[in-house]
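Q: If you read the sequences in order, they're chains A and B.
First residue of the first sequence: 1, per our numbering; consecutive thereafter.
First residue of the second sequence: 1, per our numbering; consecutive thereafter.
Each hint should be verified, as a subset may be incorrect.
Taking lysine-lysine pairs in the DSSO-like style, the calculated list, with each CA pair at most 30 Å apart, reads [said to hold, decoys possible]: (1) A:65 / A:133; (2) B:18 / A:131; (3) A:137 / B:18.
No wet-lab data here; the hints were simulated from the structure.
Just so you know, these numbers come straight off a predicted model, no measurement behind them.
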Amino acid sequence: MNIENIQRISNLLFIYVLCALVAIAYLFQYVIHEHFCPPCLLQRLSMISICYCLLVNLRYGISAKFYGLAILCIIEGAFVSLWQISYHACPQFPSISPPLLGLRLYSWALIIFAACLFSVAILLILLAATKEKIAPKWGMGEKIAFTFLALLLISHIIFIPIQCGLSTCAH
Amino acid sequence: MMIGLFIIYFISLFLILKNQSLAFFIIIINILLSMLLFFYEGTGTLRIQL
């Protein structure tokens, strides 16, 4: 397997993993009745934005420009989760949501964003090692990732008004 | 508010596949909108509670 294929498969796997994590957080919210909060949704949107950058990379050929954008999305998501961690660190605002494997979801989100930053750095190093331009490809794997993202967004669009209506969501 | 952002993201998913420059522009707009909503909704809630 050459370095171009490794890049493509890594991008695709990255999208699948992030989609799976958003889906797990979504299920966690309904199955274990996680407390609904707007910053959690913003963290999920940041993960979806990272997927967008990687999907565009697969669609038009891998470029450093979209890895840079992915880093911006990671910084945004990490900022929101860090804000939420510091918010709940205050004794006046204790978190009432149940922990998952010892940590709350927003703490997991920060760990995920740190892991994403590490992965994008590795992908950028791999890109720098690639001599030829990587050709765009839109195969079955990319179409499945696109469908997965669309389904995640549709499910959120359907269930957010049920939980908090059309106005500002209560934290 | 949040529902609006999710709808914008859903429309963006189809638009990013049209053109590379458009995709770049749309992703930046999405990031800015998310940050704007965070400052409006997230910190707004904190101010009310304080």
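Q: Give me the numbers of the hints this structure contradicts, sorted from smallest to largest.
A: none
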